[in-house]
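A.B. asks: Let the hints inform the model, and build the full structure from the sequences given.
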Amino acid sequence: MKRIWWAGWVVLGLTLAQGRLEAGVYGVSGSLASTLEGGFTLEPGEVYGKLQVGQESRGALGLSSSLALGPLGYLAYGLQAEVGGG
Numbered sequence: 001m002k003r004i005w006w007a008g009w010v011v012l013g014l015t016l017a018q019g020r021l022e023a024g025v026y027g028v029s030g031s032l033a034s035t036l037e038g039g040f041t042l043e044p045g046e047v048y049g050k051l052q053v054g055q056e057s058r059g060a061l062g063l064s065s066s067l068a069l070g071p072l073g074y075l076a077y078g079l080q081a082e083v084g085g086g
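Counting from 1, position 29 in the sequence shown corresponds to residue 29 in UniProt numbering; the numbering is continuous, with no gaps.
No lab work stands behind these hints: they were computed from the structure.
Careful: at least some of the hints might be erroneous.
FRET-style restraints, in silico, Cβ to Cβ [as the list claims (entries may be wrong)]:
| no. | residue 1 | residue 2 | range |
| --- | --- | --- | --- |
| 1 | 34 | 75 | 27 to 37 Å |
| 2 | 61 | 34 | 13 to 23 Å |
| 3 | 34 | 73 | 32 to 42 Å |
Fair warning: this is a prediction, and the values are worked out from it, not measured in the lab.
All C-beta atoms in this analysis are idealised placements derived from N, C-alpha and C, irrespective of residue type, glycine included.
C.D. replies: This is how it looks when you write it as structure tokens:
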């Protein structure tokens, strides 16, 4: 649990330095939990971290990006690693 909080503070610091910060409520299996998501941009994409606090605390770190396909639009892709209860 301490590692999740430590990672959350690191993501928060990077987010405030050069990125975005979002907060909200997340519904899972009929219950609500508060969430905090932060992200910061790298050249090819965005690195983000999520922290969900509630009965089942979780943390996640991921990378998302997209590839332009010209007139066909974009191909979005990403990778996420998650730790915590549930």
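A.B. asks: State for each hint whether it applies.
C.D. replies: Here's how the hints hold up against the structure:
no., hint, in the structure
1, 34 <-> 75: 27 to 37 Å, "holds (32 Å)"
2, 61 <-> 34: 13 to 23 Å, "holds (19 Å)"
3, 34 <-> 73: 32 to 42 Å, "holds (34 Å)"
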